[in-house]
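Novice: Sequence:
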Amino acid sequence: MRLIIIMGCLFLFGSCNYQKQESDKRPNFVIIFTDDQGYQDLGCFGSPTIQSPNIDKMAEEGIKLTSFYVGAPLCTPSRAALMTGSYPTRVNMGERVLLDADAKGLNPDEITIAEVLKSAGYKTGMFGKWHLGDQPQFMPTRQGFDEFFGLPYSYDISPYHGNKKHNFSPLPLMEGEKVIEENPDCDYLTRRFTERAVQFIEENKDDPFFLYLPHPDPHRPIYVSPDFRKNAPDSIKARLEKEDGYIDYAARDKLYKYAINEIDWSVGQVLEALKRAGIDENTLVVFTSDNGPMAGSAKPLRGRKGSFYEGGLREPAVMRWPGKIPAGQVNDEILTAMDLLPTFAVLAGAEIPTDRVIDGKDIWPVLVNGEPSPHEAFFYHQHGNLKAVRSGEWKLHVNGNTPVALYNLEDDISESKNVLEGNQVIADELLSYINEFQKDIKNNNRPAAYVENPVALTE
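Counting along the sequence shown from 1, when you hit position 145 you're at 145 in this note's numbering, and nothing is skipped either side.
Take the hints with a grain of salt, since some may be wrong.
Result set (SDA-like, lysine to any residue): computed pairs, CA atoms no more than 20 Å apart in a straight line [stated by the list, open to error]: (1) 275 <-> 265; (2) 254 <-> 299; (3) 25 <-> 206; (4) 324 <-> 346; (5) 25 <-> 275; (6) 25 <-> 282; (7) 123 <-> 278; (8) 123 <-> 352; (9) 254 <-> 235; (10) 361 <-> 444; (11) 299 <-> 413; (12) 254 <-> 234; (13) 361 <-> 371; (14) 178 <-> 453; (15) 25 <-> 349; (16) 324 <-> 61; (17) 25 <-> 120; (18) 439 <-> 429; (19) 275 <-> 27; (20) 205 <-> 268; (21) 439 <-> 385; (22) 57 <-> 272.
Derived CB-CB ranges, DEER-like [said to hold, decoys possible]: (23) 451 <-> 175: 20 to 26 Å; (24) 351 <-> 249: 44 to 50 Å; (25) 136 <-> 368: 36 to 42 Å; (26) 383 <-> 238: 36 to 42 Å; (27) 234 <-> 46: 26 to 32 Å; (28) 66 <-> 417: 17 to 23 Å; (29) 402 <-> 351: 38 to 44 Å; (30) 402 <-> 136: 40 to 46 Å; (31) 428 <-> 383: 24 to 30 Å; (32) 244 <-> 136: 34 to 40 Å; (33) 392 <-> 109: 33 to 39 Å.
To be clear, the hints were calculated from the coordinates, so they are not data collected in a lab. Glycine included, C-beta positions come from ideal geometry on N, C-alpha and C.
Given the sequences, and given the hints that come with them, work out the whole structure.
Specialist: Now the structure itself:
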């Protein structure tokens, strides 16, 4: 009897241990999200001046996505789309960028990508820029993140950084929901956020995790650590030394490529940390940006940040998962940042919310099997207004419900030749997508959240 009991205990222990090993095989997820980066601004996307060897290697070892779209051409709406898997207009976050002590924020009732993964037992960490509300109830720690070290909004939402349009408070650097520094030295934030991301990997390597690393650069004013700024021309460094509290935006714009160099270094640090931890082959890493550039280049696309032309919403994107995503692919199917939530959920065995409309789709079959995009159409917004739709190679611009331009993006990626005349049938089909989408948004939208008496984080 004693032998039977011992053998039974050993069996149960072995079974539990096996189950733990099986559960730990769930993939880790890393999203590296830059701020205001142009479509061309990586070596693997054709930049003639910017070197990005680590991201280029990611593309060689994974997949480069050449028709990858974000939810909007501005910071706050784009990030709302990433977090919720829904168009910003659906969650009423599409109109504008949030400021400091803003009454508005992402509704706590929204289910973010972090909350979806946390519900499946994932550890969640965010290190970088949030920009979805700075009041306590809007913070990342209230939206599924176990850890948050970063900024509540952009560099320029602060009087210290030369924005004279608003009476902003000092820029806060936060740990969780507590301000730990006012007006931190922004030259070192890329490094500091990277170090925390690496620490998070090391501390959670034995459990499935979701790491979100949204760098505040290369948003204006651009900041770069001395290790990378040293490569800038002496004339630019001399101008920066004379700032004396006033930000020389034009000079800092010249630091753009060095900021990308430092971000590429950061990507290398994250990938190396995954390898050291022995989890490189069990981790899906995504690199992309929130919207088009202010200081960089969106070539060969037309438009920049804030625009509903391709340069405002089509972003450089690379995904890597050794042994799962076939290496060396280039894919031009329509894919979006909103797709990450449902795709991660499926891979993690988590539940996708069913009580609300999620616009993102599971794109795993596209990434690994080369299947067609699950999106019949993609909709472009500007300040919350629907301005264009793409289906296949065709893109229709509208003014309200009136077609004003039609482009064939396969032949004319720069949107330079309006072929609306003579293609009314195609225009009508695209317009039907817009009409159906607008009805759906009207019937299935969700509110943002507001506080009555917002308080600045710093005085």
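Novice: Confirm or reject each hint.
Specialist: Consistency of the hints with the structure:
{"no.": "1", "hint": "275 <-> 265", "in the structure": "15 Å, holds"}
{"no.": "2", "hint": "254 <-> 299", "in the structure": "18 Å, holds"}
{"no.": "3", "hint": "25 <-> 206", "in the structure": "10 Å, holds"}
{"no.": "4", "hint": "324 <-> 346", "in the structure": "15 Å, holds"}
{"no.": "5", "hint": "25 <-> 275", "in the structure": "16 Å, holds"}
{"no.": "6", "hint": "25 <-> 282", "in the structure": "7 Å, holds"}
{"no.": "7", "hint": "123 <-> 278", "in the structure": "17 Å, holds"}
{"no.": "8", "hint": "123 <-> 352", "in the structure": "18 Å, holds"}
{"no.": "9", "hint": "254 <-> 235", "in the structure": "10 Å, holds"}
{"no.": "10", "hint": "361 <-> 444", "in the structure": "17 Å, holds"}
{"no.": "11", "hint": "299 <-> 413", "in the structure": "10 Å, holds"}
{"no.": "12", "hint": "254 <-> 234", "in the structure": "11 Å, holds"}
{"no.": "13", "hint": "361 <-> 371", "in the structure": "13 Å, holds"}
{"no.": "14", "hint": "178 <-> 453", "in the structure": "19 Å, holds"}
{"no.": "15", "hint": "25 <-> 349", "in the structure": "11 Å, holds"}
{"no.": "16", "hint": "324 <-> 61", "in the structure": "11 Å, holds"}
{"no.": "17", "hint": "25 <-> 120", "in the structure": "13 Å, holds"}
{"no.": "18", "hint": "439 <-> 429", "in the structure": "16 Å, holds"}
{"no.": "19", "hint": "275 <-> 27", "in the structure": "14 Å, holds"}
{"no.": "20", "hint": "205 <-> 268", "in the structure": "17 Å, holds"}
{"no.": "21", "hint": "439 <-> 385", "in the structure": "14 Å, holds"}
{"no.": "22", "hint": "57 <-> 272", "in the structure": "12 Å, holds"}
{"no.": "23", "hint": "451 <-> 175: 20 to 26 Å", "in the structure": "22 Å, holds"}
{"no.": "24", "hint": "351 <-> 249: 44 to 50 Å", "in the structure": "45 Å, holds"}
{"no.": "25", "hint": "136 <-> 368: 36 to 42 Å", "in the structure": "41 Å, holds"}
{"no.": "26", "hint": "383 <-> 238: 36 to 42 Å", "in the structure": "39 Å, holds"}
{"no.": "27", "hint": "234 <-> 46: 26 to 32 Å", "in the structure": "29 Å, holds"}
{"no.": "28", "hint": "66 <-> 417: 17 to 23 Å", "in the structure": "20 Å, holds"}
{"no.": "29", "hint": "402 <-> 351: 38 to 44 Å", "in the structure": "41 Å, holds"}
{"no.": "30", "hint": "402 <-> 136: 40 to 46 Å", "in the structure": "44 Å, holds"}
{"no.": "31", "hint": "428 <-> 383: 24 to 30 Å", "in the structure": "26 Å, holds"}
{"no.": "32", "hint": "244 <-> 136: 34 to 40 Å", "in the structure": "35 Å, holds"}
{"no.": "33", "hint": "392 <-> 109: 33 to 39 Å", "in the structure": "35 Å, holds"}
Against the hints set out earlier in the document, no violation occurs for any number.
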